[in-house]
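For the record, the sequence lines run as chains V and H. Per my numbering, the first sequence runs over residues 17 to 489. Per my numbering, the second sequence runs over residues 17 to 489.
FYI, nobody ran anything at the bench for these hints, they're computed from the structure. A few of these clues could be false.
Put simply, identical chains are the same to the list, so a pair is met inside one copy or across any two.
Calculated cross-link-like contacts (lysine-lysine; reagent style DSBU-like; alpha-carbon spacing at most 30 Å) [said to hold, decoys possible]:
{"no.": "1", "residue 1": "K453", "residue 2": "K232"}
{"no.": "2", "residue 1": "K27", "residue 2": "K112"}
{"no.": "3", "residue 1": "K176", "residue 2": "K232"}
{"no.": "4", "residue 1": "K386", "residue 2": "K417"}
{"no.": "5", "residue 1": "K453", "residue 2": "K78"}
{"no.": "6", "residue 1": "K27", "residue 2": "K259"}
{"no.": "7", "residue 1": "K286", "residue 2": "K157"}
{"no.": "8", "residue 1": "K259", "residue 2": "K116"}
{"no.": "9", "residue 1": "K176", "residue 2": "K264"}
{"no.": "10", "residue 1": "K453", "residue 2": "K264"}
{"no.": "11", "residue 1": "K286", "residue 2": "K112"}
{"no.": "12", "residue 1": "K116", "residue 2": "K25"}
There are 2 protein chains.
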Amino acid sequence: MLAQGISEKIKKEFIAIVSPENYEDTQTSRLVYSYDATPNYQALPEAIISPRNTREVSEVLKICNEHGIPVVPRGSGTNLCGGTCPVEGGVVLLFKHMNKILEIDEANLTITVQPGVLTVQIIQAVEARGLFYPPDPGSMKISTIGGNINENAGGLRGLKYGVTRDYVIGLEAVLPNGDIVRTGGKLAKDVAGYDFTRLFVGSEGTLCVVTEAILKLLPLPETKKTGLALFSDLESAAKAVSKIIANKIIPATLEFLDNATIRVVEDYVKIGLPVNAEAVLLIEQDGQPEIVDRDMAKIIDICLQENAFSVEVAKTEQEAEALRTARRTALSALARLAPTTILEDATVPRSEIARMVKSITEIAGKYNLKICTFGHAGDGNLHPTCPTDVRNHEEMERVEKAFEEIFQRAIELGGTITGEHGVGIMKAPYLEMKLGKEGVAAMRAVKAALDPNNIMNPGKIFAGDSRKRVVVS
Amino acid sequence: MLAQGISEKIKKEFIAIVSPENYEDTQTSRLVYSYDATPNYQALPEAIISPRNTREVSEVLKICNEHGIPVVPRGSGTNLCGGTCPVEGGVVLLFKHMNKILEIDEANLTITVQPGVLTVQIIQAVEARGLFYPPDPGSMKISTIGGNINENAGGLRGLKYGVTRDYVIGLEAVLPNGDIVRTGGKLAKDVAGYDFTRLFVGSEGTLCVVTEAILKLLPLPETKKTGLALFSDLESAAKAVSKIIANKIIPATLEFLDNATIRVVEDYVKIGLPVNAEAVLLIEQDGQPEIVDRDMAKIIDICLQENAFSVEVAKTEQEAEALRTARRTALSALARLAPTTILEDATVPRSEIARMVKSITEIAGKYNLKICTFGHAGDGNLHPTCPTDVRNHEEMERVEKAFEEIFQRAIELGGTITGEHGVGIMKAPYLEMKLGKEGVAAMRAVKAALDPNNIMNPGKIFAGDSRKRVVVS
Numbered sequence: 017m018l019a020q021g022i023s024e025k026i027k028k029e030f031i032a033i034v035s036p037e038n039y040e041d042t043q044t045s046r047l048v049y050s051y052d053a054t055p056n057y058q059a060l061p062e063a064i065i066s067p068r069n070t071r072e073v074s075e076v077l078k079i080c081n082e083h084g085i086p087v088v089p090r091g092s093g094t095n096l097c098g099g100t101c102p103v104e105g106g107v108v109l110l111f112k113h114m115n116k117i118l119e120i121d122e123a124n125l126t127i128t129v130q131p132g133v134l135t136v137q138i139i140q141a142v143e144a145r146g147l148f149y150p151p152d153p154g155s156m157k158i159s160t161i162g163g164n165i166n167e168n169a170g171g172l173r174g175l176k177y178g179v180t181r182d183y184v185i186g187l188e189a190v191l192p193n194g195d196i197v198r199t200g201g202k203l204a205k206d207v208a209g210y211d212f213t214r215l216f217v218g219s220e221g222t223l224c225v226v227t228e229a230i231l232k233l234l235p236l237p238e239t240k241k242t243g244l245a246l247f248s249d250l251e252s253a254a255k256a257v258s259k260i261i262a263n264k265i266i267p268a269t270l271e272f273l274d275n276a277t278i279r280v281v282e283d284y285v286k287i288g289l290p291v292n293a294e295a296v297l298l299i300e301q302d303g304q305p306e307i308v309d310r311d312m313a314k315i316i317d318i319c320l321q322e323n324a325f326s327v328e329v330a331k332t333e334q335e336a337e338a339l340r341t342a343r344r345t346a347l348s349a350l351a352r353l354a355p356t357t358i359l360e361d362a363t364v365p366r367s368e369i370a371r372m373v374k375s376i377t378e379i380a381g382k383y384n385l386k387i388c389t390f391g392h393a394g395d396g397n398l399h400p401t402c403p404t405d406v407r408n409h410e411e412m413e414r415v416e417k418a419f420e421e422i423f424q425r426a427i428e429l430g431g432t433i434t435g436e437h438g439v440g441i442m443k444a445p446y447l448e449m450k451l452g453k454e455g456v457a458a459m460r461a462v463k464a465a466l467d468p469n470n471i472m473n474p475g476k477i478f479a480g481d482s483r484k485r486v487v488v489s
Numbered sequence: 017m018l019a020q021g022i023s024e025k026i027k028k029e030f031i032a033i034v035s036p037e038n039y040e041d042t043q044t045s046r047l048v049y050s051y052d053a054t055p056n057y058q059a060l061p062e063a064i065i066s067p068r069n070t071r072e073v074s075e076v077l078k079i080c081n082e083h084g085i086p087v088v089p090r091g092s093g094t095n096l097c098g099g100t101c102p103v104e105g106g107v108v109l110l111f112k113h114m115n116k117i118l119e120i121d122e123a124n125l126t127i128t129v130q131p132g133v134l135t136v137q138i139i140q141a142v143e144a145r146g147l148f149y150p151p152d153p154g155s156m157k158i159s160t161i162g163g164n165i166n167e168n169a170g171g172l173r174g175l176k177y178g179v180t181r182d183y184v185i186g187l188e189a190v191l192p193n194g195d196i197v198r199t200g201g202k203l204a205k206d207v208a209g210y211d212f213t214r215l216f217v218g219s220e221g222t223l224c225v226v227t228e229a230i231l232k233l234l235p236l237p238e239t240k241k242t243g244l245a246l247f248s249d250l251e252s253a254a255k256a257v258s259k260i261i262a263n264k265i266i267p268a269t270l271e272f273l274d275n276a277t278i279r280v281v282e283d284y285v286k287i288g289l290p291v292n293a294e295a296v297l298l299i300e301q302d303g304q305p306e307i308v309d310r311d312m313a314k315i316i317d318i319c320l321q322e323n324a325f326s327v328e329v330a331k332t333e334q335e336a337e338a339l340r341t342a343r344r345t346a347l348s349a350l351a352r353l354a355p356t357t358i359l360e361d362a363t364v365p366r367s368e369i370a371r372m373v374k375s376i377t378e379i380a381g382k383y384n385l386k387i388c389t390f391g392h393a394g395d396g397n398l399h400p401t402c403p404t405d406v407r408n409h410e411e412m413e414r415v416e417k418a419f420e421e422i423f424q425r426a427i428e429l430g431g432t433i434t435g436e437h438g439v440g441i442m443k444a445p446y447l448e449m450k451l452g453k454e455g456v457a458a459m460r461a462v463k464a465a466l467d468p469n470n471i472m473n474p475g476k477i478f479a480g481d482s483r484k485r486v487v488v489s
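Start from the sequences and build out the full structure, keeping to the hints where you can.
This is the structure:
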């Protein structure tokens with residue numbers, strides 16, 4: 017079905033549902049929601065609608081479905097795959113009214129939330145009760161849980177605790193036809209039909225609009241320790257990572273920064289990072305004090321065995337925070353280097369990290385690009401990052417080619433084109449590398465089954481053609 | 017598409033693929049695979065095929081798809097929902113040749129297996145290396161991992177460790193059209209497209225044939241302790257369960273047996289169980305020794321505070337094994353009571369266990385039935401079990417009505433019609449209670465998208481009509 021656009025008549029219908037103040041179509045508003053955190057993608061929506069409840073979402077979707085109007089659900093737009101850029105126009109849905117924590121259930125260890133709640137609000141609310149919501153994407157201070165669910169956001173604690181998908185146990189969602197469905201519940205076990213909860217998590221707004229979620233909580237770990245290990249070569253750091261796991265220790269966090277990233281971060285935050293280190297591991301363990309102490313002692317031993325030239329454990333929370341800051345500011349620091357920052361998240365099995373980082377360095381050299389690499393070493397989720405300038409078309413072509421080779425290499429090593437950022441527009445041309453024609457065809461079939469008029473975030477996940485990174489305006 | 021049956025020509029094609037010794041259609045073989053562990057369902061397949069590899073599975077499926085021949089993938093047939101009963105005839109697929117552990121990868125903490133491997137073989141193989149595969153369904157000594165994946169099997173450790181779904185991180189599967197697809201990988205993070213790994217887990221053989229799986233492993237907990245708490249009333253036991261969790265302790269196992277079950281089990285195994293207790297909690301905690309000791313001490317305290325009249329912790333592994341046996345033999349013990357045993361798995365939020373057990377008792381009284389209840393208290397997954405006799409049609413009608421009320425009550429309490437057994441034929445008429453018309457319609461759409469000719473385990477999950485428990489022959 018071709019988009020018919022929003023006529024005056026349809027506009028009136030939308031306004032009748034959400035009331036005038038929740039319907040915006042000024043040029044300014046449209047510009048505000050024409051892009052997200054992903055460099056180099058921009059397209060104007062026709063309108064921005066802020067429904068106040070699930071029923072309104074359902075009514076809006078029915079109209080969009082009838083008229084073939086694209087719907088792009090949007091949280092804070094922090095995604096890095098162009099996931100909320102309205103490439104085919106239509107309606108951007110905002111959740112500023114659906115932003116409540118509905119319930120914290122301490123007996124069942126769950127929290128029930130609306131999509132517009134900020135991730136950090138969830139984390140703070142549950143920690144105040146001695147509970148724990150582990151997923152901590154880099155953007156958690158500004159991202160919404162709705163966005164996290166749609167993108168299956170990861171974070172620094174993924175190694176030990178998993179990602180958003182592992183904590184969503186129930187959803188209320190509106191299907192493109194306006195049907196309101198409920199999946200799962202406050203249940204550790206539920207096999208009534210297909211696992212639509214997990215199908216919807218990470219579906220990037222292409223199957224439904226999430227209007228409520230039940231999240232699983234854990235008891236808050238009693239304590240946490242943070243350490244930093246410095247290595248003069250990359251292989252040693254990678255070996256240390258493998259050896260820690262092989263010794264049956266699963267740290268809460270095991271983050272990696274290469275020399276290029278260390279230099280950039282130190283230049284930015286000036287906290288005394290060792291700019292001579294070729295590789296840095298940021299290590300955190302949490303849990304009961306005696307176990308944390310024991311694990312950290314073993315980890316230090318292993319790092320030293322693998323030729324770390326320095327290993328230190330933060331003695332105070334302040335020191336620990338400084339170390340975490342080093343990792344958390346990596347993206348901001350790198351973003352200062354050039355007008356455009358391309359941050360990727362090719363992911364490989366943990367055992368292949370050294371090979372992958374080496375390949376990234378070689379590919380950067382081949383295309384004469386600066387690529388800094390940092391990321392989640394424990395789960396093989398790397399963030400090769402290229403400071404560049406979209407206005408330099410010749411360089412952008414090299415960037416494009418380099419990342420295509422990086423994705424190809426990740427696949428060769430048993431990895432994937434995206435560990436936690438999502439496919440969106442940006443990775444759509446590469447999806448077949450990972451899934452094969454057959455896999456993509458099967459996913460398209462599911463998409464068509466649930467969204468026959470292709471109104472839900474069209475142009476995402478599945479490549480319309482072979483376009484790579486392009487400017488859409 | 018209507019099934020055309022297996023003509024001589026098609027039979028020859030099958031034999032050309034798998035060789036004569038892997039194609040059976042004698043009356044005896046057909047009878048052997050006409051039923052599974054579920055009472056009261058039987059239907060003859062037309063043939064039993066044992067492919068030797070993925071390519072053969074693909075070739076067989078292409079033929080079945082072309083001719084509309086039903087395909088029922090079958091492990092050991094231990095499921096309790098009629099999931100592997102070939103109600104529409106066709107081909108039963110066996111995996112006796114695809115029964116290898118392909119790899120244990122200690123660096124990435126994964127095991128790669130073929131579908132025909134027994135669950136217990138996986139558990140033993142990884143524990144020999146100090147690793148841990150937590151899902152432990154009651155049938156694990158004879159069930160296959162392929163069956164576990166198709167049914168998303170649970171087990172006694174679900175509370176702390178989750179279920180099969182939480183450990184499957186990659187699949188090779190054959191779609192009905194013969195396409196071979198690979199999902200996920202040895203990856204903690206992967207968001208390349210929809211989460212087909214989890215969509216396929218628990219899809220009960222209705223979407224694809226699983227031909228290989230990558231399972232996530234954990235380090236083996238260093239130690240384990242087992243305890244038994246006896247209560248003179250049900251509410252106190254349920255309160256103890258809630259209070260343990262509210263105290264931020266997540267035991268590895270928290271199992272519940274009601275008085276009726278205790279009596280039956282003691283009569284069977286004679287290990288000195290207290291037949292005067294109204295409720296028994298079997299508690300296990302695993303982990304590092306100091307933590308296990310601390311947790312068990314707290315748990316004992318809580319049970320005593322909630323009026324347990326006896327709490328004992330096993331002093332030896334022998335004692336512990338005796339306690340675990342009490343729980344593990346519950347089904348066998350109950351099965352001795354009457355010719356037919358109907359074991360259900362209505363599941364509620366943990367906080368609703370006392371209410372649910374009370375309702376079950378009331379419903380049993382209303383329909384003048386004996387219903388014993390045991391199950392996984394920690395995750396609200398109860399197994400109300402009715403000893404009956406399928407030849408007694410009048411009683412079977414009351415059984416049917418009682419369980420319908422039990423499911424209804426579970427839903428009212430925020431629960432589900434099945435926590436770990438699956439929908440199969442048995443729960444198909446009740447699926448709408450949980451998902452609503454809209455939810456069932458959406459799942460049917462996905463089924464039709466991936467299996468347009470409805471060859472994959474037809475008659476399962478979705479009710480063809482309003483039939484409840486029936487004899488199909």
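Consistency of the hints with the structure:
In this assembly of identical chains, K453 and K232 lie within 30 Å of each other by CA distance solely across copies; the values are 26 Å between and 35 Å within a copy. Taking the shortest Cα distances, K27 and K112 sit within 30 Å of each other inside one copy (20 Å), while across copies they are farther apart (62 Å). Both within a single protomer and between protomers do K176 and K232 lie at most 30 Å apart by alpha-carbon distance, with minima of 15 Å and 12 Å respectively. In this assembly of identical chains, the alpha carbons of K386 and K417 lie at most 30 Å apart only when taken from the same copy (14 Å versus 70 Å across copies).
In this homomeric assembly, K453 and K78 come within 30 Å of each other (Cα to Cα) only across copies, at 17 Å, whereas the closest approach inside a single copy is 32 Å. Taking the shortest alpha-carbon separations for K27 and K259, neither the intra-copy value of 60 Å nor the inter-copy value of 53 Å comes in at or below 30 Å. In this assembly of identical chains, the alpha carbons of K286 and K157 lie at most 30 Å apart only when taken from the same copy (22 Å versus 58 Å across copies). In this homomeric assembly, K259 and K116 come within 30 Å of each other (Cα to Cα) only across copies, at 27 Å, whereas the closest approach inside a single copy is 43 Å.
Taking identical chains as interchangeable, the C-alpha atoms of K176 and K264 lie at most 30 Å apart whether they share a chain (12 Å) or sit on different chains (18 Å). With identical chains, the CA atoms of K453 and K264 are never at most 30 Å apart, being 38 Å at best within one copy and 47 Å at best between copies. In this assembly of identical chains, K286 and K112 lie within 30 Å of each other by CA distance neither inside one copy nor across copies; the values are 37 Å within and 62 Å between. For a Cα distance limit of 30 Å, the shortest separation of K116 from K25 qualifies neither inside one copy, at 32 Å, nor across copies, at 63 Å.
Figure legend: structure checked against the earlier numbered hints; hints not met, in rising order: 6, 10, 11, 12.
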